[in-house]
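Novice: So you can see what is in the structure, the chains are spelled out below.
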Amino acid sequence: MTASLLAISGLTKAYPGAVANDDVSFDIGRGEVHALLGENGAGKSTLVKMIYGLVKPDSGTMTLHGAPYAPAEPRAARACGVAMVFQHFSLFDALSVAENIALGMETPPPMGDLARRIRAVSETYGLPLDPDRVVGDLSAGERQRVEILRCLLQDPRLLIMDEPTSVLTPQEVEILFSTLRKLTAEGVAILYISHKLEEIRALCDRATILRQGRNVGTCLPAETTAREMAQMMVGTAITPPTRAARPLGDVALEVTGLSLHSPSPFGTALKDIRFSLRSGEIIGIGGVAGNGQDELLAALSGELRSPSDAIRLHGTPIGRLRPDARRRLGLLAAPEERLGHAAAPDMSLTENAFLTGAGREGLVTRGFIRWPETEGFARRIIARFDVRTPGPGTAARALSGGNLQKFVIGREVLQRPEVLIVNQPTWGVDAAAAAAIRQALLDLAAEGAAILCISQDLDELMEIADRFGALNEGRLSEIRPTAQLGLDQIGLMMGGAHDMEVAHV
Amino acid sequence: MRLRLEKRPQPARHWIYLSPVLAVLVTMLAGGALFAALGKNPVAAISTIFWEPLFGEFAFYYRPQLLVKGAPLVLIAIGLALGFRAGIWNIGAEGQYIVGALTGAGVALAFYPLDAWFLFGLMILAGALGGLAWGMIPALLKLRFGTNEILVSLMLVYVAEQLLAAMALGPMRNPEGMGFPGSRNLQNYPAAHNAELIAGSGMHWGVVAALIAVIFAHILLGRHILGYQIRLTGQAPRAARFAGVNPARLILFCLGTSGALAGMAGLFEVSGPAGQVSIDFNVGYGFTAIIVAFLGRLHPLGILAAGLLMALTYIGGEIAQSELGLPAAAIQVFQGMLLFFLLAVDVLTNYRLRLLSRAPDPSRSL
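From first to last, the protein sequence lines stand for chains A and B.
Quick note, the first sequence lines up with residues 1 to 505 if you use UniProt numbering.
Quick note, the second sequence lines up with residues 1 to 366 if you use UniProt numbering.
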């Protein structure tokens, strides 16, 4: 951490109705891992997009290597040595690793040379990757390596990484961190966006914290507790969820030998899933995305139907029932995708409250919808779960992701489910709201509901789940009590990593 | 200076109602320019089309025509709109209209010359069932074999046209018609005649049925769970599956209802304004109703207004042809413009226009 590599001064960017960045200034030194922290909507993405030339600031200046820096487009940023690894990969499944990398280059070298360079760079930085493999066959962690290699081949001076660990197993995270440390040793600076605080404490030299578009402080993560950083992000103290000891009841949901083909060609088939979930218990299901999470939720919610006996609710076979019939029996679900799956984007919150609440909330008489009662139900959800919206007449798509998530979870929780299946309940939700949702799930379990929580956030699962299992390629691991699990075991259960070796620095 | 479209956070409510009005106004401007280019006085042409039928010298004749032409359009469009709302595309209303006319007229001809009060009711029922049966063919094929209802329903129109010709020339031909094609004229068969309820008003049972259909559809979509499921399936099919909507039931209901309404429209036409089953009985109401459904925003009240507007341009267009010597093609272009501008103006419901004076904003590349 010597001279400053990139200095940002007074960057401001306003969108209609919101100021995404308001007079943000900080600097990144050579060889530094600099964390950019903040809740969703705090302005992290806009800030890095300005650095990467995707968005033009309204005012403010940047200097790179002491020279004025104002990239008009990403190509200009890359020419100046700024590279970025996005959270969502832009790779073609049908092409090989080398072909994918060539596609992103201005002047790709001959394939043979490129493959040699890929091998060389991947060995140097401990990112094992065969350039001839087809991307479609790679795990999420390996795909990320393709994106990282694509950046490294440009010989970057600043590497921006947007939530890189969200798709990785703990072992893969270790590999990634070793690579990043090796890069910084060579003087490359890394701007690391995340909201996983422990990760930032382990990896980053300094952290800049954004709140509502403003820089609210820079700290040294190693000397700051996760709790302090979270409070800087949110601006208030967060109450971590509390779990009361609760007695477990009878088996509420029993799944035996559930095997299903995915309706989507890129989906994952479920293979012989079996577990039993008791009243008052929370089971957490981890695993890297795309290993059957969506299919498991659909099979349990009733969107996919299975042999009748494969799923039993309080002993009643329900495998053939539709979602509405399962709801009547007490099994509710909240899918991961909010817009278009859990909620209809163009419908109002009242109409969306009716979507799953029709039966259990008694919102229908002889086929006719009781709109006043439905609106009352929507208002209850909005009030109880602190959904920020002008009112129940607002279209679902007008809500921010986090607010809609609160609405979707609240809608199910308020219907007093006997069994609740949730997929990614706090995905994209700010820290305070996430804590509130987790608390609501814990309270629900304390009242005797059985909860299956599918999530990619291991911290979340460790926080609320009594037992933990992992999905890998459509198979469910053995389900073990969380209290006895270490991170290593969890990683092995998730099993998504194909290369477990850590880079040799 | 550039124009940019920006997505609105939610659909603008006022534009849902304003955009059809704006579309009509823009159509008048563009249509006027077209007529001027043809060497006609644009103001006279536009006023002939929109003013003459309603308030002109011969309005007493044209006004009833408005109801006579508008009723089948509205009746058919209401049924189509239910399906369109759910993403179920019945393009074959013309065929269901023909088959409804055949089955309804078939009942009347079979009972001829019985003079019974229940005959007309029986004909309505037969017409509805005929259209329903024709609509069920694409529905059942879709459910059983996954066929595309757009293609099947459309192709069945041509089958229905052949059936119509065969009936007009064969089994339904008037035995007293000196060998001319075409059935007995039902206007001359009082028990089966769909006569005007008030003389000179144009008001016949088809108009009543269209109004009832508008009210029925309005309540169904706004207050009934089936209407909710229709809207949900059209807007967010995945959310509909999650809610527990049974897609098979919706397909049967939507294609069945639109078929039955189109069939009834056919029956009212054949027993009233048309009078007989003839080779050229159908004049494209089933296809025009598709335009009416969209012009009316797939909303029952909107369809009522759109049906009347469409009837107005038809009648006014005919007047303009005979009085001003405008070519028929120009009138068709004018009617096409209406739909074109409606779809174009529609963008404003979900997007807002912004004038930009500065250089291109790089955030557009996101």
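The hints are simulated quantities; they were obtained by calculation from the structure and are not laboratory data.
Careful, some of the hints might be misleading.
DEER-style ranges, computed between Cβ atoms [what the hints assert, rightly or not]:
hint : chain 1 : residue 1 : chain 2 : residue 2 : range
1    : B       : Asn-350   : A       : Arg-480   : 45 to 53 Å
2    : B       : Ala-328   : A       : Ala-325   : 38 to 46 Å
3    : B       : Phe-216   : A       : Arg-480   : 57 to 65 Å
4    : A       : Glu-106   : B       : Gln-332   : 24 to 32 Å
5    : A       : Leu-95    : B       : Leu-343   : 32 to 40 Å
6    : A       : Pro-108   : B       : Asn-350   : 52 to 60 Å
7    : B       : Leu-343   : A       : His-65    : 35 to 43 Å
A few chain B positions that, by computed beta-carbon distances, are all more than 10 Å from chain A [to be verified]:
hint : residue
8    : Ile-198
9    : Val-208
10   : Arg-223
11   : Ile-225
12   : Leu-226
13   : Leu-232
14   : Arg-238
15   : Ala-239
16   : Arg-241
Simulated coverage check for chain A against chain B, where a stretch passes if three residues somewhere in it have a Cβ under 8 Å from a Cβ of chain B [unchecked claim]:
hint : segment
17   : 156-167
18   : 220-234
19   : 354-360
20   : 387-400
21   : 438-445
Every residue gets a Cβ at the ideal spot worked out from N, C-alpha and C, and that includes glycine.
Novice: Can we trust that Leu-232/B is non-interface, i.e. its beta-carbon lies farther than 10 Å from all of chain A?
Specialist: violated (6 Å)
Novice: For the segment 156-167 of chain A, do at least 3 residues have a Cβ located nearer than 8 Å to some Cβ of chain B?
Specialist: As far as the segment 156-167 of chain A goes, the hint is violated, because 0 residues have Cβ atoms under 8 Å from chain B.
Novice: When you look at the beta carbon of Arg-223/B, is every beta carbon of chain A farther off than 10 Å?
Specialist: For Arg-223/B, whose nearest Cβ neighbour in chain A is about 5 Å away, the distance does not exceed 10 Å, so it is violated.
Novice: Is the nearest Cβ of chain A still more than 10 Å from the Cβ of Leu-226/B?
Specialist: violated (7 Å)
Novice: Could you check that no beta carbon of chain A comes within 10 Å of the beta carbon of Ile-198/B?
Specialist: holds (34 Å)
Novice: Okay, Leu-95/A versus Leu-343/B on CB: inside 32 to 40 Å?
Specialist: Roughly 38 Å apart at Cβ, these two residues keep to the hinted range, so it holds.
Novice: Is it correct that the beta-carbon of Val-208/B has no partner in chain A closer than or equal to 10 Å?
Specialist: holds (24 Å)
Novice: Verify the CB-CB distance for Ala-328/B and Ala-325/A against the hinted window 38 to 46 Å.
Specialist: Distance hint for Ala-328/B, Ala-325/A is violated at roughly 57 Å.
Novice: Lying within 24 to 32 Å: is that true of the beta-carbon distance Glu-106/A to Gln-332/B?
Specialist: Violated, at about 52 Å.
Novice: So does Pro-108/A sit 52 to 60 Å from Asn-350/B, Cβ to Cβ?
Specialist: violated (40 Å)
Novice: Cut-off 8 Å, C-beta pairs, minimum 3 residues; does the coverage of the segment 354-360 of chain A by chain B stand?
Specialist: holds (count 4)
Novice: Verify this label for me: Arg-238/B is non-interface relative to chain A, using a Cβ-Cβ cutoff of 10 Å.
Specialist: Nearest chain A Cβ is 5 Å from Arg-238/B, so the label is violated.
In this structure, the hints that do not hold are numbers 2, 4, 6, 7, 10, 11, 12, 13, 14, 15, 16, 17, 18 and 21, in rising order.
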